[in-house]
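Peer 1: Taking the hints into account, I'd like the entire structure generated from these sequences.
Residue-level listing of the chains:
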Amino acid sequence: MTEPLIYEISRPGRRAVSLPACDVPATPLPAGCERADLPLPEVPEVDLVRHYVRLSQMNHGIDTGFYPLGSCTMKLNPKVNEVAARLTGFAALHPLQPENSVQGAMALMYELQEMLAEIAGFAAVTLQPAAGAHGELTGVLIMRKYLYDRGETQRDVILVPDSAHGTNPATTSMSGLRVVQVSSDARGNVDLDVLRELLARHGPKLVGMMLTNPNTLGLFDEHVAEVVRLVHEAGGLMYGDGANFNAILGIVKPGDLGFDVMHYNLHKTFSTPHGGGGPGSGAVGVSAALADYLPGPIVAKSEADSLYRWHMPPRTIGRVKAFYGNFGVLVRAYTYLRMLGAKGLRAVSENAVLNANYLQARLRGVYPIPHGDRTCMHEFVAQGILKDAPDIHTMDIAKRLMDFGMHPPTVYFPLIVPEALMIEPTETESKETLDTFVDVMRQIAEEARTEPELLHDAPHNAPVKRLDEVKAAKDLVLCYAPGCG
Amino acid sequence: MTEPLIYEISRPGRRAVSLPACDVPATPLPAGCERADLPLPEVPEVDLVRHYVRLSQMNHGIDTGFYPLGSCTMKLNPKVNEVAARLTGFAALHPLQPENSVQGAMALMYELQEMLAEIAGFAAVTLQPAAGAHGELTGVLIMRKYLYDRGETQRDVILVPDSAHGTNPATTSMSGLRVVQVSSDARGNVDLDVLRELLARHGPKLVGMMLTNPNTLGLFDEHVAEVVRLVHEAGGLMYGDGANFNAILGIVKPGDLGFDVMHYNLHKTFSTPHGGGGPGSGAVGVSAALADYLPGPIVAKSEADSLYRWHMPPRTIGRVKAFYGNFGVLVRAYTYLRMLGAKGLRAVSENAVLNANYLQARLRGVYPIPHGDRTCMHEFVAQGILKDAPDIHTMDIAKRLMDFGMHPPTVYFPLIVPEALMIEPTETESKETLDTFVDVMRQIAEEARTEPELLHDAPHNAPVKRLDEVKAAKDLVLCYAPGCG
Amino acid sequence: MVYIPNTDADRAAMLAAVGMESVADLFHDVPEAQRFPALHLPPALSELEVLRELEALADENDDLHHLACFLGAGAYNHFVPSVVDFLLHRSEFFTAYTPYQAEISQGTLQAHFEYQSMICALTGMDVSNVSHYDGATAAAEAVLMALQVGRGKRNKVVLSPTLHPQYREVIHTYTQGMRLDALGEDAPLGDLAALAALVDKETACLIVQNPDFLGRLYAPGEMQALADKVHATGALFVVAADPISLGLFQPPGAYGADVVVGEGQPMGNAVSFGGPYLGFFAMKMGDVRKSAGRIVGQTVDLDGERGFVLTLSTREQHIRREKASSNICSNEALNALAAAIYMAAMGKHGLRTVAELSYHKAHFAVDLIGQIPGYQVVSQGPFFKEFVVRCPQPVTTINQFLLDEYGIVGGYDLGQDYPTLKDHVLLCVTEMNGRAEIELLAEALEEIANMEVTGTSESAGHLNDRRLDDEETAHD
Amino acid sequence: MVYIPNTDADRAAMLAAVGMESVADLFHDVPEAQRFPALHLPPALSELEVLRELEALADENDDLHHLACFLGAGAYNHFVPSVVDFLLHRSEFFTAYTPYQAEISQGTLQAHFEYQSMICALTGMDVSNVSHYDGATAAAEAVLMALQVGRGKRNKVVLSPTLHPQYREVIHTYTQGMRLDALGEDAPLGDLAALAALVDKETACLIVQNPDFLGRLYAPGEMQALADKVHATGALFVVAADPISLGLFQPPGAYGADVVVGEGQPMGNAVSFGGPYLGFFAMKMGDVRKSAGRIVGQTVDLDGERGFVLTLSTREQHIRREKASSNICSNEALNALAAAIYMAAMGKHGLRTVAELSYHKAHFAVDLIGQIPGYQVVSQGPFFKEFVVRCPQPVTTINQFLLDEYGIVGGYDLGQDYPTLKDHVLLCVTEMNGRAEIELLAEALEEIANMEVTGTSESAGHLNDRRLDDEETAHD
Ligand SMILES: Cc1ncc(COP(=O)(O)O)c(C=O)c1O
Ligand SMILES: Cc1ncc(COP(=O)(O)O)c(C=O)c1O
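Protein chains in written order, with this note's numbering: chain A, 308 to 792; chain B, 308 to 792; chain C, 1467 to 1942; chain D, 1467 to 1942.
Keep in mind that the hints are not guaranteed to be accurate.
Claimed, not checked - Estimated spans, in silico, between C-beta atoms of each pair:
1. 319/A to 1502/C: 22 to 30 Å
2. 1700/C to 710/A: 55 to 63 Å
3. 749/A to 1789/C: 56 to 64 Å
Claimed, not checked - Which stretches of chain A does chain D cover? Using the computed rule of at least three CB atoms under 8 Å from a CB of chain D, they are:
4. 369 to 378
5. 632 to 639
Said to hold, decoys possible - Stretch-level coverage of chain D by chain A, calculated; a stretch enters the list once three of its residues show a Cβ under 8 Å from a Cβ in chain A:
6. 1732 to 1742
7. 1759 to 1771
Simulated from the structure, these hints should not be mistaken for laboratory data.
Owing to the predicted nature of the structure, the values given are computational and were not obtained by experimental measurement.
Even for Gly, the Cβ is constructed at its ideal location relative to N, Cα and C.
Peer 2: Okay, here's the thing in structure tokens:
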């Protein structure tokens, strides 16, 4: 099953869209500006539709099957969200319209700011960042500006655990700061001894620490209070990577634990679809001390006239993108939050965590689980290592899973676990789906011993066979030839 | 690739939809009325979505590939139609709202009535019938009532060509009238001699004749004027089955040819999707003499106050369904007509007919085409008969086509052509698609000789292998057991 | 022409292959005098323009998303979960034809098999077909089937006067010219015994609605008694039912129905100004070969895997032609799919909740309206979600006031169909009506009752109440 | 909890398998003092209720389907063909994650490869990535890339003052704390030579917008001359462009751009109150390894069939961590898909037509407005679809009048960003504006000019016109 490229089905003179005739007098084009040719494809609607419908069928999505991709929270994307985001009164608003013509949209944003602040225990929230990593950048810039404003301009170090997601160190560098890595202890927590030692060394230079809790091993740090205390004591600020927030809604507020800044991944925790990689929303919450530093404009509500107004926090780091944030994503997150309420949110985390622990319990003994003795949170990390099947790697298991209509877990991450298989079932999967997954994982473990080629050659039923990623990077073809400049 | 039944994935206590709490005092239920159990499935949204998404992927549609199903006009279903039909101001109207609250919808219906009347040369149109066959019933009832009202109550015969679609004779019987079959001549026209003879015999009893022109052989009757004249001369009325109207938009108006009544298949000619078998719309147009007999209400426009009002034609046969017709389908047809205009409509038929003749020319010599010497209209009938491959039947060819991602033509219809393969490409297919189809048909003809089992066992790539229709009719299973009464 | 892919160059190449000079030559068989007529149509619009025009037309209407609706009478404003339209809108479902080629139509076929199963579950019957055009035509086809079951020897049908007036009209349309005796429509409203009395050995069927057009709910016991009387004569007992009511109340299959028909629209289909809807049709296994419409059956493929096909096609027009049980060809497949998705989405508990909410809210409305001077709630016995109120002014006057001043779509003016029910309105309440809306309706009704009156109200019609069983109450 | 499938019974069974008593026990690692806090949130709503609430919120806004819009300034009201959203809404596209597992993500991957190809075609560049968050962040990432290409030795960037003000703000945000010299923003508006003069061996890049924020279109010759000057110093020449303009005018690749960025929203994405949009980013092959964002490459599978994978991932954070070229992870994949479908749907001719319509209509608007006493069209040289008009009253006053009295969304108040452009409005006209709308705008503007004035208008700002190339015209 392959599909030609859109350029390959193009034929001169074809059109998919009718456009109005020009109803005004024509103005000559300025001399020398016109382009000679526009090498875009020419296809009729019927071929256009078939092309994209067929392409879509070559994808696995939440709506086609189980998607236990660790760290990504591939939960149900409720269809009501899509109806909400497409309401004309939301989708057809220009961001620069007068405030009094968009009060409904601003009210929604204001309420979302308030709800997010409440859920995570923060004083203020900006909805502007477009994704988790963007929220991280926002947070780190806020931390630095806050410290600089207090005159502590020597600070340029951010501590990042070795289990951290790649965006944490990348954000640090991108902000012009230095990464110092903190290792984990035997139970998967931040190693307190190491932390103390690093703080002793870097304390005066410390901007803060970035920590996701639960961490990327799926573990809630047993000494989180102490970690926060130590960092604060050293004059640093505590950044929370909220990508794993799905585990602790209504369970604990990061703000209560002492985190100073956190980004929310609205497209993970709050059920907005991932769209094949985006759009997302990386709203950022901060403690009262940092509220004036948020990028904006954010929405303020006037007590006097009950109107919503754009507000730029006075010491803002500046805007991090044009306009106010990924509004369409915000509508979806708002819809989700309004449908769940406080009890619903807690149930989300309880079930997400229970589902993960159930899978962990049932896979114990089938695949190694380095921290399998602990209660995991919403995910856990197994290893694609099987006795009697030394040639089988995590990637083989992952590809074989596809043959059963399931998306593989996250592979080879976190880096500190060899052959990692990071499994996050989410709360929206039923026990039956989990049981089926366990059966499949057991069968694969068995096949690894008896028919290893089944795994090596996998996938067998996917739209294509296993793809050569090395060739792609070596013989770069990044563009259909006739189109390229 | 099979998918469990929705009942098979049901588990007690699961729910897909949240409903409001009751905000009024409860009233006790009347004694003895409550049902004990409601054996519907219980599934969460995630499983519900996956179930139907996966099921959908087991279907072939216009949006997935070529669909040359004769007599069905499987043309592009433009996506703008879907947007139009879903506008809240259309989809959320109750049919019994006061007229002054639905003037926009009534205006649309009025304009559609007018446009349809103009295109086919009729005086008046009703939009009430829900499908082609429903339009036929409407038309035949009108013909009879008209004649009865003139005192000709002895009339009870309808002439139906042997090439007619099954709905024509079925409609006749359903109306309580008698079918007399007219055979075709060697060139695929109504056999005039036979017709004269039948009229001589049944003339005084004649209600009229049902004819589709072009007929189901895809041929425009060369003596249509004479046929109409003869039927009228015998005191009968001429019914046009408009299912093949796609061939003659802007080419000829059936009203001009003397047809007295015709149904339009809006879901064929006017690009509204078929939905897996419906809904359709079988609007009916009539000559001035019959206008008072239409079912209704239809929409009238008041010259005085420019308001639209419901109007029941004075001698109406009575309503043929509740309310006014399949409004959602009407919106789509209206949208299509407004986008095409007069020139566009003629181009539709020109291209539909050219595409069919091109296919006919290119398949000539590969498969027998009984009337291949004539210019066909929007479709033509070939035969699944191949020299040197006596064991191969039309059904084998049809099933093999599926392996190439194409829907088979209509098979074994019309009944007067043995092993019929009725091919209707429609105007929305490109030359490349037609060429690909020809290549595949040639390859299949070749395979029939060299590897006949490839055809006998076909399809090979469909979601299921060839299905046992005989068993289905013999061992009737029409309902998932636990649900059945 | 944007919907036509081929270009002039393509057409030239194709004409050459066909051996013709010009496209016009293709039409040489068309009588020259009538060939290529001018079509007087409005000028073609681009997509942008047509959407503008359609949006303007749509905006001219007052839609139920912006109004409170208390109108039912055969089309119901029930909640449609977002997931229904989303799934319906899958290309592969809505751009497919009738699933004649089963191997590449398993999506439609299995979904329809499931639809049949759920309709059977809901109605308590053995078999369901895949839909009729709407509730009215399903009722008419039930009558035609009864006539066939009666082998042409039974020429009477008994129609309850509280069967939806439009259903009765359609039955008359379908059976005109068949020399049929249709009785019962002038029987006292709600009097089952009077109907039973009309049934005899010449009767093909009796058809009643439950809850009836006036909202009244008949108890299973009463219905079973009626069924028994009908069956004693060998006629068929046909029941038209609101599918939502079956979420809560006993299914017709439990009280002797031979055929259950109804309007499926309330299950997952928009009110959409009257269509497309779907008629559901469920029956006993014994009658299936006389029935109309498509039916999906389970079978196996060459590998023995389960699969689904259209079956019992020998009843249908494309095989049986003039001997077919009906002329139906296209049905309301996509609407049936919507109903199926709705039933699956609502499920065992959800459908019951919808029915309960409608029930409680309707009764709450009756309590409020019953207290307003000038209004009289005429419905006395059990009802589901609709009820009849006698008004102090003409219903159209009230409705125009409600719409203009309160943004409320009022109820159905029963005087149109029942002369005795002049100034009587049929109100409908569903889960879509919040308490505040109901209270607003009551407030508005009170306000208009106190206003200067233009029309005049007359005496209440005689709508039989629950105590009618004892035949004593006067009929008009 | 309707989104959670498991029931109490399921949970009990699962807890047993886990070996725990209660769900609460799962959280024993969470500090007890902070465990299970109360969340003060509004009560949960059902789907029906939440849709009601959202519809009410949506109805509180004045949307562009019900208004005539002359506002652009970085977000554009272009036509989105119905087919775009329809296809985008395919479950398999929008419920998939980043296509890390290529074999079951070919739909996303091939569509993105095609997106890259079409962006290259549009911009005239070699390589495109799969999107940034928006045009502003794409511009900021272009600056970061230029700094990397400059290997930390070039610490100056030159920003055109007519680069979108918000893009410039975002560049400042991204580069704060990097001790960068950002020059050019106080240069005379529209003076390319003045910008060129600021570029030297320490400059990492010059970034200009064409058409610029004030709508002005620079000829390829002028741009090439600028490019040559920039290249002579070894800096990168970055051009921000309106993709619709590239349907008609020469692409930046034709006049020396090293990087082309811009806001992709006008291609198939709703204005949606400012997001989600997409930043496009196209470059020369030589710089690709320093660039940010995902890139799809073509390869083959085990059978030798063509297939697509994410490639050059060693630039990215998940592989390279603190050495990555950027921290970007999630991008705007679905919006890029919308843009791809849009480009394919519009195609070679359609995109040009959209650009032409916008061009002619904008010029028609200028002709009309230029004749209204009190208004002065300040844009003198070539422009595309936006232009600057000096108004007789404050822009906010005018805009409120237009909205309230005419249902028109007026233009952007340039005084917010350019002190010299107080009372200057940036108007935008696209194919969405029918002639009648444009005439209505002119009529409305005339009306307000004749009204009593509350605010006062001051002297026109000095917006350099086309004849500025000769450096003579006075700057302010
Ligand atoms: C732990 C963690 N942090 C940060 C991110 C980055 O979020 P985004 O992809 O929205 O930029 C991710 C995303 O995978 C993540 O898992
Ligand atoms: C020639 C002809 N007449 C009538 C019909 C019946 O139309 P419908 O299916 O809409 O009832 C068809 C449908 O296939 C047809 O092809």
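Peer 1: Look at each hint and say if it fits the structure.
Peer 2: We went through each hint and held it up to the structure:
no.	hint	in the structure
1	319/A to 1502/C: 22 to 30 Å	holds, 29 Å
2	1700/C to 710/A: 55 to 63 Å	holds, 59 Å
3	749/A to 1789/C: 56 to 64 Å	holds, 58 Å
4	369 to 378	holds (count 5)
5	632 to 639	holds (count 6)
6	1732 to 1742	holds (count 7)
7	1759 to 1771	holds (count 11)
The structure agrees with every numbered hint stated previously.
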